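Visitor: Under the working numbering, think of the first position of the sequence shown as 1, with each following residue one higher.
Check each hint, because a few of them may be wrong.
Distance condition first, Cα-Cα at most 27 Å in a straight line; then the derived BS3-like pairs of lysine-lysine [stated by the list, open to error]:
no.: 1; residue 1: 46; residue 2: 24
no.: 2; residue 1: 32; residue 2: 92
no.: 3; residue 1: 32; residue 2: 62
no.: 4; residue 1: 14; residue 2: 24
no.: 5; residue 1: 91; residue 2: 46
no.: 6; residue 1: 46; residue 2: 92
no.: 7; residue 1: 91; residue 2: 62
no.: 8; residue 1: 24; residue 2: 13
no.: 9; residue 1: 46; residue 2: 82
Derived from the structure by calculation, the hints contain no laboratory data. This structure is a prediction, so every number in the text was calculated from the model and none was measured.
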Amino acid sequence: MLLNENDLLNIIKKVAIEAVEASKPTEICYGKVINTSPLRISVEQKMTLGIAQIVLSQSITKESELAVNDEVILIRQQGGQKYIVLDRLVKK
1 MLLNENDLLN IIKKVAIEAV EASKPTEICY GKVINTSPLR ISVEQKMTLG
51 IAQIVLSQSI TKESELAVND EVILIRQQGG QKYIVLDRLV KK
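Sequences are here, hints too, so could you generate the full structure?
Guide: Written out as structure tokens, the structure reads:
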């Protein structure tokens, strides 16, 4: 089977995209606090984070503590092992 230039280019693009996705680059996601002691956050109804996976930003720890049902914005660290809680979302 002979590949033309477009086929080869498409294969290279596909391999590059798969390599980036496999490295689990950082990602912004949203969560909801479901428990405060111990802290647990549900992420987009896909998984629940425990305290070992959560890193709190200074604005969360200095200004006020999280409460159950607070909605938060998170950044998943590269590799997907920890999530940084940036801040609460403003409720409308």
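Visitor: Each hint: holds or not?
Guide: Evaluation of the provided hints:
1. 46 to 24: holds (16 Å)
2. 32 to 92: holds (15 Å)
3. 32 to 62: holds (19 Å)
4. 14 to 24: The hint holds at about 16 Å.
5. 91 to 46: holds (22 Å)
6. 46 to 92: holds (24 Å)
7. 91 to 62: holds (20 Å)
8. 24 to 13: holds (17 Å)
9. 46 to 82: OK: residue 46 and residue 82 at ~15 Å, within 27 Å.
Of the numbered hints given earlier, the model fails none.
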